[in-house]
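Novice: Generate the whole structure from the sequences, applying the supplied hints.
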Amino acid sequence: MTALRGRLAGNPTIDQVRSFASAHRSLAIVAAMVVAGLILPILAQVPPFSGFQSLDVWIGGFSNAGVFVLLALGLNIVVGLAGLLDLGYAAFFAIGAYAYAYGSSPFSGQHFPFILMLMVGALVAATFGVLLGAPTLRLRGDYLAIVTLGFGEIVPIVFLNSDKYTQGTNGIGGLYKPEIPGVEFTLLNPWPFYVLMLVIVTIVMVLIYRVQESRIGRAWMAIREDELAAASNGLNTVTTKLLAFALGASTAGFAGVFNAAKLTLVSPDQFGSTVSFAILAMVVLGGMGNIWGVALGAFVIYTIQIVILKQLNAFFGDNHIPILQDINFVQYQFLLYGLALVLMMLFRPEGLFPSQRRKRELRAHDAAATESEAVAAMDQA
Amino acid sequence: MSGQPGVPDDTPPVEVLAEKALVEPEDIPREVLAEDAAAVLATAASSAEAGTSGLILNATNVTKRFGGLIAVNDVSFTVPEGAIVSLIGPNGAGKTTFFNIIAGIYDPTSGRIAVRDRTMVARPIRAWLEPVLWVAPAVVVGLISAIVVAAANSETIGFLGAAVTLAALVAMLLSAIARPDWYQRLLLRLGIFRSARPNDMVKAGIGRTFQNIRLFQNMTAEENVLVGMHIKLKATLIDAMFSTPRNQREEAAARARAEELLNLVGLRGVGGELAKNLPYGDQRRLEVARALASDPSLLLLDEPAAGMNPRETSDMMALINKLRTELGLTILLIEHDMKVVMGISDRVTVLDHGERIAEGTPDEVRRDPRVIEAYLGAPAS
Amino acid sequence: MTSVARSASPASAPSLIRRFRLIGFSLIGIAVYFLILRLMLGNTGTATQQVANALTLGAIYALVALGYTMVYGIIELINFAHGDVFMVGSFVALWTVTSDPWFQAIGLHQTGTVTALPLLALYLLVMFAVSMTVVGLLNVTIERLAYRPLRHAPRVAPLITAIGVSLILQNVIQIIVGTGDRPSPKIIPQDAFPFLGAEIRFVNVFIVVTALILMYILTLFVGRTRLGRAMRATAQDQQAAQLMGVDLNQTIAITFLIGGALAGAAGVFQSQYFGFVRFDLGFNAGLKAFTAAVLGGIGNLTGAVLGGFLIAFVEVFAAANGQQRWSQAIVFVVLITVLVFRPAGLLGQQIGERA
Amino acid sequence: MKLRQVGAIAGIGVLVLAGCNQGGTSGGGSKGTVNIAIELPQQGSEKAASDPIINGIKLAVKDAGGVAGNYKIEIPNSVIYDDAKDGAHDPQTGAQNMSAIAANANVIAVIGPLNSSVAKVQIPISNEAGLLQCSPANTNEGLTKPEFGALDIRKANPNKINYVRVVTTDDNQGPAAAKYILEVLKKTKVYIIDDTETFGKGISDNFQKYLEANGGTVVARDGVPKTTTDYSAILTAAKAKGPEAIYFGGVTATGGARILKAAVAAGMADVPYIGPDGIYDGSGATKDSFLNLAGDDAKNAFATAAAVGDFPGRADFEAKFKAEYNTAPTGYSATGYACAQVVIDAIKRAGDAANMGELREKVRAAAVDPSINYTSVIGAFKFDANGDTSQKIISFYGYDATAKDWAFKSQLDFAK
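Protein chains in written order, with the numbering used here: chain A, 507 to 887; chain B, 15 to 395; chain C, 70 to 424; chain D, 501 to 916.
Please note that a few of the clues may not be correct.
Cut-off 30 Å, straight-line C-alpha distance, at most; resulting in silico cross-link-like pairs (DSSO-like, lysine-lysine) [to be verified]:
| hint | chain 1 | residue 1 | chain 2 | residue 2 |
| --- | --- | --- | --- | --- |
| 1 | D | Lys679 | A | Lys670 |
| 2 | D | Lys726 | D | Lys787 |
| 3 | D | Lys562 | D | Lys799 |
| 4 | D | Lys655 | A | Lys683 |
| 5 | D | Lys799 | D | Lys558 |
| 6 | D | Lys848 | A | Lys670 |
| 7 | D | Lys645 | A | Lys670 |
| 8 | A | Lys670 | D | Lys558 |
| 9 | A | Lys683 | D | Lys660 |
Chain A stretches covered by chain D per the calculated footprint, using a threshold of three residues with CB under 8 Å from any CB of chain D [stated by the list, open to error]:
| hint | segment |
| --- | --- |
| 10 | 548–562 |
| 11 | 769–777 |
In short, the hints are calculated from the structure, not lab data.
Don't be surprised by glycine CBs; every beta carbon is placed ideally from N, CA and C.
Specialist: Dropping the structure here:
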């Protein structure tokens with residue numbers, strides 16, 4: 507995607523492309539995703555990437571990355587657009603996954619079609635989003651942080667401790683693979699998953715984009731800007747926030763179902779609080795509020811974390827490069843996350859791939875300062 | 015400012031540290047509160063359309079305390095249809111607090127506020143019962159299904175029961191948030207009264223501006239107005255997601271309307287500007303346009319001329335007159351600058367130290383010795 | 070303005086009365102808790118023992134929770150790194166005792182219990198001094214580097230930075246000490262004295278008493294000193310405080326210093342009471358303390374302490390009834406319920422939340 | 501897809517050529533080099549458990565002279581996979597690793613994983629790929645035994661066993677500990693505390709089943725996640741129930757030593773404390789080991805180990821290991837070593853093959869052959885029809901205060 511942009515830069519036709527794109531954004535998104543979907547496999551075959559792992563492994567990795575792209579997109583609705591800090595987002599991921607486990611596994615004896623389960627998973631997750639949000643979204647923003655954090659802790663505990671219904675820590679295994687007419691999903695062939703994931707991500711992106719541009723999206727933005735003013739202009743702040751919450755949750759539901767179907771196992775240890783923090787990091791580093799930003803952010807970070815860091819270890823180790831071979835980069839990954847989060851907030855708060863609006867907003871420290879002084883002055887008047 | 019949304023800048027600060035947070039002074043005699051409550055419950059049920067007295071707004075014995083200090087003390091106050099009424103007084107007279115009570119931001123400590131003879135704001139009555147109400151149906155359903163399950167002891171019925179219980183809970187929570195009429199009536203029947211939220215007041219036809227401009231700084235002027243129009247727009251999530259023709263039509267119409275409003279307040283051609291980049295005077299105008307977007311019948315203007323130079327001020331006064339003559343709005347105005355209001359007001363009420371010290375036509379008020387005395391200490395800016 | 074002036078006046082007579090009322094209530098609360106346990110367990114000794122456990126645990130939570138609540142009170146930031154600051158504190162305490170790895174100079178070179186009372190007192194004093202100073206300064210540094218530049222940024226920004234800082238602390242410590250438990254010599258003798266049929270260890274008493282003393286000093290500081298007044302003023306209205314001539318940066322730094330110091334003290338307790346420290350214990354401790362702060366009404370000192378003890382009571386209650394595996398869940402259910410019915414926490418002031 | 505295959509074939513071609521070139525050179529490695537992949541979590545608290553295994557495996561290869569049959573064996577870092585993500589084992593990463601391993605033509609077999617939940621997602625892949633996988637640590641019955649749902653996992657080729665393990669399942673080690681408590685320690689009232697993880701909980705369940713079936717009583721049972729710091733409350737509660745013994749289901753990293761210390765602090769210093777091989781992880785000198793953390797509080801501690809305790813080879817294995825890495829081996833280093841031995845032996849017996857694909861299949865078949873008798877560092881054993889080890893000998897260890905180390909007490913053979 508960025509590569510494409512890069513090559514087009516300076517090209518006179520760029521403006522026409524841009525204007526067309528802005529006129530038909532949904533189309534543009536679909537086009538971009540198709541391009542990305544075609545470019546990635548090619549990228550994976552050129553050095554240095556081709557040296558890291560074989561094409562199929564890359565493709566498998568990409569569809570896993572897709573899961574996190576979905577999660578990041580969903581969390582972005584909550585954190586980036588509506589400005590609510592959700593620290594227990596993995597809980598909805600878990601709920602979606604377990605929904606699939608109940609809908610399609612030997613354990614439950616049910617076997618509903620995959621597409622249906624996608625919907626169901628999203629719906630169930632959304633329901634729990636409402637259940638959690640409804641009583642707590644009335645609270646001040648910071649309280650929401652702790653409540654969601656708590657929820658994120660509780661959900662895995664519940665799945666862990668109610669053995670009778672979830673097989674506890676063993677998890678529910680042998681889940682059925684997706685069954686879509688004409689496509690055969692096998693564990694050794696990552697391509698169907700890859701395509702499926704591309705489709706899901708594209709659809710989700712288009713939908714989210716449209717909502718973001720609608721009156722609902724404006725309402726989210728307004729609440730993020732100034733909750734009281736929003737309420738005083740007729741917005742039901744709680745319903746609006748709740749909608750963001752539910753949409754975010756349902757996106758996580760999608761991701762959960764897909765992931766469960768690909769893994770063929772759900773177990774409580776997949777959904778710890780570290781997952782929530784990792785997703786948050788992806789959203790922040792990618793650029794809150796900008797769907798392309800978070801999507802790219804999630805994709806890049808996941809790939810770095812899963813592939814590059816480990817390859818660095820192997821590379822330096824095998825070639826016995828002095829100092830470097832003793833460093834376990836994977837070990838330091840969370841240290842890197844932490845540093846990235848801090849530095850990013852300090853020096854580039856708008857993220858790696860910011861949305862213009864967010865950039866203005868987050869860059870506005872000084873503006874905020876002067877404004878508040880103006881206000882103070884007026885209080886004196 | 016760092017202050018959290020929900021508390022305007024000039025309220026007495028929230029006690030953050032140590033013991034003071036425990037203070038809840040309640041030296042208002044029980045029986046007063048009791049008859050208050052009776053009156054509220056009696057007048058809260060009437061439908062909003064009715065309105066026999068021709069009063070668009072009727073505040074009765076409103077008192078508000080913060081911790082120890084009395085911000086508003088037993089103020090009664092009415093606004094007839096179609097009038098321009100001003101509420102004036104020196105700094106700290108409690109004007110804005112009173113305003114915020116009318117706008118549904120605070121509950122008064124005692125007294126009540128009726129819009130078209132329907133009480134919408136008062137001290138909450140048995141508010142603690144409301145959460146119980148949310149849970150009650152779920153509990154009942156849960157118990158019943160539990161019994162059924164125990165009797166039939168079948169897994170499926172068990173899950174069914176659980177689902178129904180969950181549904182009941184979700185339904186109650188959602189209606190608690192959306193506050194449909196049946197829910198409000200239910201509340202009243204149970205003797206529960208909760209003041210209307212700010213957004214309910216907007217629904218009831220009251221628009222407002224703020225003393226310290228509270229625009230959505232990082233949204234464009236047009237977007238600000240569109241947010242103000244939010245309750246007038248009907249597009250649902252589905253409309254937005256699949257960008258239905260209906261949605262597109264509505265959006266187009268809304269933008270046209272926004273354009274009109276901007277022109278009306280004299281902001282031609284700045285629709286694309288970020289609110290925070292507008293000059294101070296224009297920001298105030300934009301706030302007015304945003305307030306107008308919800309087609310209010312009563313417009314609350316909080317020091318519309320604050321911090322303006324004489325030219326801007328006179329323009330603002332002209333605009334206010336125009337609103338009354340062209341849109342037939344009723345206007346309630348707060349000022350501490352007597353000179354400003356005298357020109358345009360039909361009636362003027364003067365507050366000092368939270369008490370109403372005078373009311374009448376501008377001339378009567380101007381001559382009132384107590385008013386003069388109140389203002390001697392604090393000459394108008 | 071006026072209100073700031075009001076609050077800046079030293080703790081008034083009614084507040085003293087309130088303090089006594091507070092003590093009364095707490096005693097009653099403990100008694101009730103004891104009776105309930107006694108009923109459920111049907112054994113006075115065990116009940117007493119559990120109350121002792123709960124109080125000790127609560128004291129530790131409360132100290133950490135105070136750090137959260139003070140920082141929140143003053144700059145409305147949930148300092149997610151605080152749990153890990155506490156973790157660092159427990160390591161500093163450990164290093165002070167064992168003088169590993171680089172505390173050779175100030176270290177105490179201890180490996181077991183110290184029986185000579187004066188010596189023990191001295192050692193403990195050193196531990197507190199070192200741990201509280203180091204961690205306090207660490208906290209100040211964090212504020213200076215990670216939070217101060219973001220003071221005018223949107224609220225989510227410093228929150229994320231805080232999460233980042235917590236990750237950094239955790240991983241740095243992990244790199245230094247590795248991933249396993251690090252056993253800490255308990256220099257306080259493990260002797261116990263009989264009380265209501267239970268064997269109460271001195272370390273429990275020590276922890277509770279020390280914690281209470283620290284809390285009392287804190288209230289005095291906040292209530293009586295110039296800096297304390299400045300803190301309260303800032304907490305209520307930064308601009309107003311600034312206009313009244315309060316040095317904002319200094320005040321905030323002091324707040325972080327104190328919060329860190331309290332966490333440092335809690336760290337000493339951790340190493341002495343549990344006898345081990347680990348790089349990742351910050352997360353859970355932080356979670357509990359944070360919950361405690363919110364439960365009591367974040368920003369409210371009394372609330373934080375109350376919350377800390379309540380959380381501990383709930384946990385111990387769950388454990389005492391064989392529901393340990395659910396205790397975490399129960400704690401959060403309690404929290405959510407409380408917040409639903411009292412949106413600003415138990416002692417938080419319930420205003421202006423309807424918008 | 502196509503490209504990939506072409507690439508693979510080309511790669512193999514090169515390898516074969518390489519083989520031919522050095523064909524003249526006599527001795528091992530004449531047919532080329534194969535890799536044994538390792539798949540273990542290497543972050544957070546699990547790193548402590550994994551590193552000794554890796555060392556054990558590398559030691560085994562070294563002892564074999566880096567050669568098996570006509571093949572040279574190497575374990576470059578690039579085939580040592582880490583299934584941890586965000587500081588703890590992660591099934592998704594595990595699955596991703598396994599498909600990478602399966603796709604790596606040079607990998608002839610894989611040793612791992614540590615966690616049963618990871619194995620649950622890897623077996624379907626390795627089974628579909630027909631790749632030999634040997635776990636040094638998984639004890640969950642569900643991975644192999646059809647009656648525990650193993651067929652759901654090896655759906656692709658239910659009858660082509662590819663996953664074997666050299667440790668016996670929870671349903672042996674748990675009961676063995678119960679038997680020991682009842683018959684040797686002569687205690688009947690037991691308090692069980694598990695770490696809520698797959699291994700710890702599973703083994704505790706089996707322990708409880710056997711104990712209650714044989715006249716013992718469980719006075720109380722708790723589950724405490726590894727992040728717990730305060731155990732005083734549950735142990736106070738447990739003490740009130742007057743247990744004669746405490747059984748801990750879990751590993752050191754999930755709280756084994758912490759709980760023991762808390763029990764002592766709660767006044768149960770004289771109550772025997774029994775744990776599985778998760779706490780049999782080296783002497784008091786070993787960093788992070790149970791004895792190292794527990795110190796003298798371990799005076800009443802006992803451990804079971806799913807391995808022969810007193811066979812001659814063991815002592816010099818430990819000596820060799822110490823010499824190589826100058827830390828004592830853990831129970832897992834031995835099983836890791838044993839897994840490597842199985843793989844190497846299988847390669848020897850498999851003989852030469854035209855290409856890696858064929859060799860893989862040969863090695864798998866040779867390894868899981870139920871008729872083969874392995875003599876390994878943990879004793880002699882066979883694999884049964886499900887790939888479970890026939891060696892069901894459980895050894896019991898007690899604390900030797902003078903050596904500050906585990907001392908072999910006795911052993912019990914469940915096969916009989």
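Novice: If a hint holds in the structure, say so; if it does not, say that too.
Specialist: The hints, checked one at a time:
no., hint, in the structure
1, Lys679(D) / Lys670(A), "27 Å, holds"
2, Lys726(D) / Lys787(D), "19 Å, holds"
3, Lys562(D) / Lys799(D), "37 Å, violated"
4, Lys655(D) / Lys683(A), "11 Å, holds"
5, Lys799(D) / Lys558(D), "34 Å, violated"
6, Lys848(D) / Lys670(A), "46 Å, violated"
7, Lys645(D) / Lys670(A), "20 Å, holds"
8, Lys670(A) / Lys558(D), "41 Å, violated"
9, Lys683(A) / Lys660(D), "21 Å, holds"
10, 548–562, "holds (count 5)"
11, 769–777, "holds (count 6)"
In summary, the numbered hints that this structure violates are 3, 5, 6 and 8.
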